[in-house]
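*Asks:* Sequence:
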Amino acid sequence: MAKGFALLREHKGITLDLATIEPEDPQTYAMIRKADTLGTFQIESRAQMSMLPRLKPQTYYDLVIQMAIVRPGPIQGDMVHPYLLSIRHVFRERNSAPARLISTLI
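In full-length UniProt numbering, the protein residues as written are 1 to 106.
Calculated directly from the structure, the hints in this document are not laboratory data. Don't take every hint at face value.
Label-pair restraints from in silico Cβ distances [as the list claims (entries may be wrong)]:
#1 81 / 18: 34 to 42 Å
#2 71 / 26: 24 to 32 Å
#3 1 / 85: 32 to 40 Å
#4 8 / 72: 31 to 39 Å
#5 4 / 75: 28 to 36 Å
#6 65 / 12: 27 to 35 Å
#7 11 / 75: 36 to 44 Å
#8 7 / 38: 32 to 40 Å
#9 12 / 76: 41 to 49 Å
#10 83 / 18: 29 to 37 Å
Result set (DSSO-like, lysine-lysine): computed pairs, CA atoms no more than 30 Å apart in a straight line [to be verified]:
#11 34 / 3
#12 56 / 34
#13 12 / 34
Beta carbons: idealized from backbone N, C-alpha and C, even for Gly.
Produce the entire structure from the sequences given, and follow the hints as far as they go.
*Replies:* Here's what the structure looks like:
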């Protein structure tokens, strides 16, 4: 990472370090949701990449769930499909008209 930060500074004039990187960067998560993760440790395997567009992670916690659920135990225990169904329900509720209204008031 240090070499990557040095290259950014040298070639782009951008100074970054772990303390200044936005943890919930929308552009990064958009790439992750499209499974554009080749070379990204933990989410570059074929199994992880195939699940990313289905889970649509938007936060670091979503990625933690993603990595935990794409494991032999949850897959063999038939827990992946019920989880996908449950998050679709939550996502629909989170994006419903009342939820959007409440979020604008908060």
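*Asks:* Next step is simple, just say for each hint if it's right about the structure.
*Replies:* Hints, verified against the model:
no.	hint	verdict
1	81 / 18: 34 to 42 Å	holds (36 Å)
2	71 / 26: 24 to 32 Å	holds (27 Å)
3	1 / 85: 32 to 40 Å	holds (37 Å)
4	8 / 72: 31 to 39 Å	holds (38 Å)
5	4 / 75: 28 to 36 Å	holds (33 Å)
6	65 / 12: 27 to 35 Å	holds (33 Å)
7	11 / 75: 36 to 44 Å	holds (42 Å)
8	7 / 38: 32 to 40 Å	violated (19 Å)
9	12 / 76: 41 to 49 Å	holds (45 Å)
10	83 / 18: 29 to 37 Å	holds (31 Å)
11	34 / 3	holds (27 Å)
12	56 / 34	holds (8 Å)
13	12 / 34	holds (26 Å)
Checked against the numbered hints above, the structure violates only hint 8.
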